[in-house]
Every structure is written in C-alpha cells, then in structure tokens.
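S.K.: Sequence:
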Amino acid sequence: MFANWRKKSVEPAVSSDMLSKQRRYNSLVKALHADIFRYAYWLCGDKHVAEDITQETFLRAWRSLDSLKDDKAAKAWLITILRRENARRFERKQFDYSDVEQDTLEDNISNSSEEQTEQYLIRRQIGKLDIEYREPLLLQLIGGFSGDEIAELMELNRNTVMTRLFRARSQLKELLEKNEVRGQSNG
Numbered sequence: 001m002f003a004n005w006r007k008k009s010v011e012p013a014v015s016s017d018m019l020s021k022q023r024r025y026n027s028l029v030k031a032l033h034a035d036i037f038r039y040a041y042w043l044c045g046d047k048h049v050a051e052d053i054t055q056e057t058f059l060r061a062w063r064s065l066d067s068l069k070d071d072k073a074a075k076a077w078l079i080t081i082l083r084r085e086n087a088r089r090f091e092r093k094q095f096d097y098s099d100v101e102q103d104t105l106e107d108n109i110s111n112s113s114e115e116q117t118e119q120y121l122i123r124r125q126i127g128k129l130d131i132e133y134r135e136p137l138l139l140q141l142i143g144g145f146s147g148d149e150i151a152e153l154m155e156l157n158r159n160t161v162m163t164r165l166f167r168a169r170s171q172l173k174e175l176l177e178k179n180e181v182r183g184q185s186n187g
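Residue 39 in this note's numbering sits at position 39 of the sequence shown, with consecutive numbering throughout.
In short, the hints are calculated from the structure, not lab data.
Quick reminder that beta carbons are idealized off the backbone N, C-alpha and C, glycines included.
Be aware that a few hints might be false.
Calculated pairs, SDA-like style, for lysine to any residue (alpha carbon to alpha carbon, straight line, at most 20 angstroms) [unchecked claim]:
id, residue 1, residue 2
1, Lys30, Ala73
2, Lys75, Leu32
3, Lys47, Ser64
4, Lys72, Arg60
5, Lys21, Asp71
6, Lys72, Arg124
7, Lys128, Gln140
8, Lys69, Ile122
Okay, the calculated beta carbon distance ranges per label pair [stated by the list, open to error]:
id, residue 1, residue 2, range
9, Asp17, Arg123, 40 to 48 angstroms
10, Arg123, Glu51, 42 to 50 angstroms
11, Leu19, Glu152, 46 to 54 angstroms
12, Arg23, Lys173, 44 to 52 angstroms
13, Asp35, Arg89, 13 to 21 angstroms
14, Arg123, Leu19, 14 to 22 angstroms
15, Ser67, Leu121, 36 to 44 angstroms
16, Asp66, Ser170, 36 to 44 angstroms
17, Arg124, Arg23, 38 to 46 angstroms
Make a model of the complete structure from these sequences and hints.
M.R.: Pasting the structure below:
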C-alpha cells in the first residue's frame, strides 16, 4: 500500500518536470535553430550535412539540457556541441566532399542583385581561408561572439584567437583585392 501512495505522488512531479524541460527546449530551438544551422552550413558547405549536424546538435542538447545552467549562455553552449558534432563526423567516416555553391542559402535581407553578388563573392573567399582562420572569423561574423567567447568555445588562448582573427581579415582582404583586380582586368 505504501508503494502505491509513493508512486502516485511522484508521477505528477515527473510530468511537470518533463513539461518544463520540453518548454525550455522548444524555446531554445525556436530562438537559436536558424543561427545554429547557418553556422553548421558555413562549417561544412553542404545543406544536407548541415541539417544532420544541426539535428544531432539539438538531440544532444535535449539529452543534456539539465547541464545548461544559464539560458544566456545557450548559444555558446549549442555552438560548442555543434563543433564537437562536426568533429565527430570526421572521426566516424570519410565523406565525399561536394562542391555545393553557398548561394543555395536564401538571403531575405539583400535587395539588389549587386549586393547578392558581393555577398556570394565574400562567402566564397571566406571559404578559401584555412579552417584555423575561417572558424573564429565565422564565430565572430555569424555567431556574434567576442574574442573572449571565441577563445572559450575553441579552447584557445584569447591572444591566439585575436591573432587568428587579424590574419583571417588580412587574408580575406587580400583575396578580395585579388578578385577585384582580376574582375577589372576581365571587364
């Protein structure tokens, strides 16, 4: 008889906790899914792989949602999960890389084709950067993270991150200038 009383009093508490967890998770997905997918796409350059990594990221987030103590840190927490998930992809098996153009992502902000062309060229040049420079730059540009936050996410020294960001911007500027000179000589 004591066992039945205990079971009945625990069930509503468990249901309430699960409902609370589900609401928190749904809010997290709704608020950050687009940012997480965008970053995944920039990392891998393939829409389908990005969708898979994003889905796996949120699955892992669900499993360990209780470890997220501060909701303000949710974006950084999810980016860390995503980066690890992306790394796991290379540990598990070798993938054939496709040369999917990055213009398949819809841009709802730009109005002119000139702006779209410019953004496409910038995305392409960023894609040419070595991963050690590209990743912190993308975390800053797409994720909106500070140098300190990037250092924490990438488990690097802040000065290393700042040096990589500087070199990434310098290399990007050089690539864009070369492209501009090439465009002027062709025109």
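S.K.: Could you tell me which of the hints above the structure violates, numbers in ascending order?
M.R.: Violated: hints 3, 6, 8, 10, 11 and 14.
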